[in-house]
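K.L.:
Quick note: the sequence shown uses the working numbering, first residue 1, plus one each step.
It is possible that some hints are incorrect.
What the hints assert, rightly or not - DMTMM-like cross-link-like pairs, simulated, lysine to aspartate or glutamate; straight-line CA separation at most 20 Å: (1) K94 <-> E109; (2) K94 <-> D26; (3) K102 <-> D33; (4) K94 <-> D83; (5) K94 <-> E49; (6) K102 <-> D72; (7) K76 <-> E98; (8) K76 <-> E103; (9) K76 <-> D33; (10) K75 <-> E98; (11) K75 <-> E103; (12) K76 <-> D38; (13) K75 <-> D33; (14) K75 <-> D38; (15) K102 <-> D63; (16) K94 <-> D63; (17) K94 <-> E48.
In case anyone wonders, no lab produced these hints; they're calculated from the structure.
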Amino acid sequence: MTLQFWDTVGQERFQSLGRTYYRGTDISLLCFDVTCIDSYLNIPGWLEEMRTFCNEHPPLHQDVYLVGTKVDLWKKRVVSTADAESLAQHLGLKGYFEVSSKERVNLEEMV
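With the hints as extra help, turn the sequences into a complete structure.
P.N.:
Here it is in structure tokens:
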């Protein structure tokens, strides 16, 4: 098994770079910052872009998970666990994880 992480950067000016990494992936993690509502609201658009590209360049054999980051910043949190879980289910994703790189929360469980 080979595990590679590609950060395709959520900023719009780098959006076209993400398409380079979609081909041949088995699992995708759509990450958002739980302290930033804009990153959460962008998830459906990122998923649509990914699915559009993969449909144009088959095969699409990947599982997609939603990941909420920066959960250590609970005082600044603007997206609840329940809302994120609901979005993941609504979008037909395989599941939802919450992580903190800083505090090393759920990183191994996610992988």
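K.L.:
The structure should be examined with respect to each hint, and the outcome stated for every one.
P.N.:
Evaluated hints:
1. K94 <-> E109: holds, 15 Å
2. K94 <-> D26: holds, 12 Å
3. K102 <-> D33: OK: K102 and D33 at ~13 Å, within 20 Å.
4. K94 <-> D83: The hint holds at about 15 Å.
5. K94 <-> E49: Given pair K94, E49 holds - Cα atoms ~18 Å apart, limit 20 Å.
6. K102 <-> D72: It holds: about 8 Å lies between the C-alpha atoms, which stays within 20 Å.
7. K76 <-> E98: holds, 15 Å
8. K76 <-> E103: Status holds; Cα separation ~16 Å.
9. K76 <-> D33: Judged against 20 Å, a Cα distance of about 10 Å means the pair holds.
10. K75 <-> E98: The given pair, whose Cα atoms are some 15 Å apart, holds under the 20 Å limit.
11. K75 <-> E103: Given that 20 Å is the threshold and the Cα spacing comes to 15 Å, the pair holds.
12. K76 <-> D38: The hint holds at about 14 Å.
13. K75 <-> D33: holds, 13 Å
14. K75 <-> D38: Cα-Cα ~17 Å, so holds.
15. K102 <-> D63: The hint is violated at about 26 Å.
16. K94 <-> D63: It holds: about 6 Å lies between the C-alpha atoms, which stays within 20 Å.
17. K94 <-> E48: holds, 16 Å
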